[in-house]
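Peer 1: Sequences and hints are given; from them, build the entire structure.
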Amino acid sequence: AGAAPHVDLGELRSLACDALLQESFYQNKQRPFLYRDQDHTPGPFLTQLVSTLAASLSCRNPLLAASSLDLNPEVNYYWHHGEEVVVHGHRKGRVDPVRFQIDDNPHLQIRVPKQLPEVVPLESDLGEVPVIDHKPSKLPLFKRQYENKVFIGSKVADPCCYGHTQFHLLPDRLKRERFIRERLEDQIEVVYRSNGIASLFAWTAAQAMYQGFWSEADVTRPFVSQAVVTDGKYFAFFCYQLNTLALTAETIKNNPRKNICWGTDSKPLYDVVEDGNVKGFNDEVLIQLVRFLLNRPKEL
Amino acid sequence: VFAGVRQAQWLTKTKLVEGLPPAVQGIVENPALGLQELEGRVKHAVSHARLWDTAEVAPRREQYCPVLFENLIHICRLMSGKYPSLSKRMLARNCRIAATWERESILLQVRGLSGVLMNSMTPIPPVASKEEILATKEHVLETFYPIAPTIDLQEVNVYKELNDTGQCFKDGYPYSHPHTLFFLESASVRTNRFRPEQLRAKMLMFAFGNALAKAKALHGSDPKVLEQPIVVQSVGTDGQLFQFMVFQLNTTDLVSSDGVKNLVWIDSDQNLYEKAQCVPEVKKGVVTKPAGISGFQPDTFKKFLALYLHGTV
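Protein chains in written order, with this note's numbering: chain F, 1 to 300; chain W, 301 to 613.
Incorrect hints may have been included.
[Stated by the list, open to error] Derived lysine-lysine pairs resembling DSS-like cross-links, with alpha carbons at most 30 Å apart:
id: 1; chain 1: F; residue 1: 298; chain 2: W; residue 2: 602
id: 2; chain 1: F; residue 1: 279; chain 2: W; residue 2: 388
id: 3; chain 1: F; residue 1: 29; chain 2: W; residue 2: 584
id: 4; chain 1: W; residue 1: 388; chain 2: F; residue 2: 155
id: 5; chain 1: W; residue 1: 388; chain 2: F; residue 2: 267
id: 6; chain 1: F; residue 1: 114; chain 2: W; residue 2: 602
id: 7; chain 1: F; residue 1: 155; chain 2: W; residue 2: 575
id: 8; chain 1: W; residue 1: 575; chain 2: W; residue 2: 514
id: 9; chain 1: W; residue 1: 343; chain 2: F; residue 2: 149
id: 10; chain 1: F; residue 1: 155; chain 2: W; residue 2: 584
id: 11; chain 1: W; residue 1: 602; chain 2: F; residue 2: 155
id: 12; chain 1: F; residue 1: 175; chain 2: W; residue 2: 470
id: 13; chain 1: W; residue 1: 470; chain 2: F; residue 2: 279
id: 14; chain 1: W; residue 1: 437; chain 2: W; residue 2: 514
id: 15; chain 1: F; residue 1: 149; chain 2: W; residue 2: 575
id: 16; chain 1: F; residue 1: 29; chain 2: W; residue 2: 470
id: 17; chain 1: F; residue 1: 114; chain 2: W; residue 2: 382
id: 18; chain 1: F; residue 1: 29; chain 2: W; residue 2: 516
id: 19; chain 1: F; residue 1: 155; chain 2: W; residue 2: 583
id: 20; chain 1: F; residue 1: 298; chain 2: W; residue 2: 575
[Said to hold, decoys possible] Chain W residues, not near chain F, derived (Cβ > 10 Å throughout):
id: 21; residue: 310
id: 22; residue: 330
id: 23; residue: 405
id: 24; residue: 406
id: 25; residue: 488
id: 26; residue: 524
id: 27; residue: 525
id: 28; residue: 551
id: 29; residue: 557
id: 30; residue: 568
id: 31; residue: 576
id: 32; residue: 580
id: 33; residue: 585
[To be verified] So the derived list for chain F, only partly shown, Cβ under 7 Å to chain W, looks like this:
id: 34; residue: 22
id: 35; residue: 26
id: 36; residue: 56
id: 37; residue: 58
id: 38; residue: 62
id: 39; residue: 69
id: 40; residue: 71
Bear in mind the hints are in silico, worked out from the structure with no lab data behind them.
C-beta: ideal position from N, C-alpha, C; glycine also.
Peer 2: Printed below as a string of structure tokens:
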């Protein structure tokens, strides 16, 4: 969101390339562990990239200057949605709410003391929501629930109680090459999108809960957060606006509000790293990242 | 390492000066840096690391020590908005270092993971004047007769003398000057952590190793007194107590114990805060100790930041 930033793109480009070259070329590292390729280069690169860019842009965005940077935080959210009939046991036949729990581990996240501005008004309706009838435990995300908790990455006492941007690193088993090898190219974007939607819903909803809202006291202002999902080379950008927490069977009946997520397709930041040079650097991706980091309330 | 820092001094032919060098003290005391405003942010950084960072009641040291370090570095890094040349720094984690030298016919080698290393595109200028360097000729290194100076060091057969700085980075790396080493003693069990004296000795050995490796890369392996001394800093912490060190390599002529010596300034045992109370202590229905951070010492962070800014500001 926002006009073209008045920043030195060349300077930021060289910082990004330096971070990439350090992690993939200059630093002598041992071979990556089996199926842990992401910890070897893309993970450290993402950490370096975000920390240096955020520091460099903090003079332009006072919100960044007051931010808190979390490495490998935990984000949890628990909610009820829909109903089911108990199948076994002494409570057989009774109607229970279906319980969902998301336990997320972003690679990096930025929390700020002031909220991001809304993208569209609270009551906007931009489309229909698909209806799924089977139980959540059929989906890989909700297979097991261990502990029901709500956590934004830090406790309620922390003044940085609003989320700015999360950065997610896709695990090895969801590598692009694997999808292409199994001729499932159309599923590549699905991975990015589902990660963006699920993580951002959990984060914004947990932030809303920290402010005292819940399914029976719905939010009075929208909660906006951003996310970048990447595998180290391809980046996809998402922006989420939480308009409602009222998702339980009773409260959803007369609730016209919908939550909205905007997202891009994944695009590469660079082509290849060869002999200490980054080839095919894509400025567009960098500009989008910079725009994300510069996002702030209008009064700042 | 027996007798901690004193032994390390003999092994690295170094003279010790208590406290931080004047160049760094100057940064600490410089009002233009606005260090007062940062106090609130540092308190939040400590509270976040020690109290808020977990859905559990209290984070363990393995978690809060690195988180506190990252939070403090984040605050330091944000100064690059004010001092753009600070962006010419790069953090490298899990660097392997190797340096070899000879002391009075004993071959010594420093090898290992040196924790987190911050590199800079520009070197730190020397902190001791030429006169102070020449004055070290008079200094006599403390020996431990009858205890051999290599006590408690591991004796290994070195088949390949690694003289090439252990090549942590390939040639052409733009951030080629080691600036500061950070050591995080984050083991929860106290016996697995280095005690302050040992930590300081380890900091000295690794700062020396990095400086020596850089000297050999710049000026060759011949032992000599350096025209341009090399400065490498070290910071060590267990999540609460901080050790600050500035090391200046004046000579690579290490075989004899005479002549110009290297210099190290150490500011030890600086507490950042006294206590972190996660849950309020309640006795007979009255809160005796409220939850929160008590005994916060802003000067410790000022020194941390001064070492970070050193060489650029």
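Peer 1: Quick one: which hint numbers does this structure break? Sort them smallest to largest.
Peer 2: The structure breaks hints 1, 3, 4, 8, 20 and 38; every other hint is satisfied.
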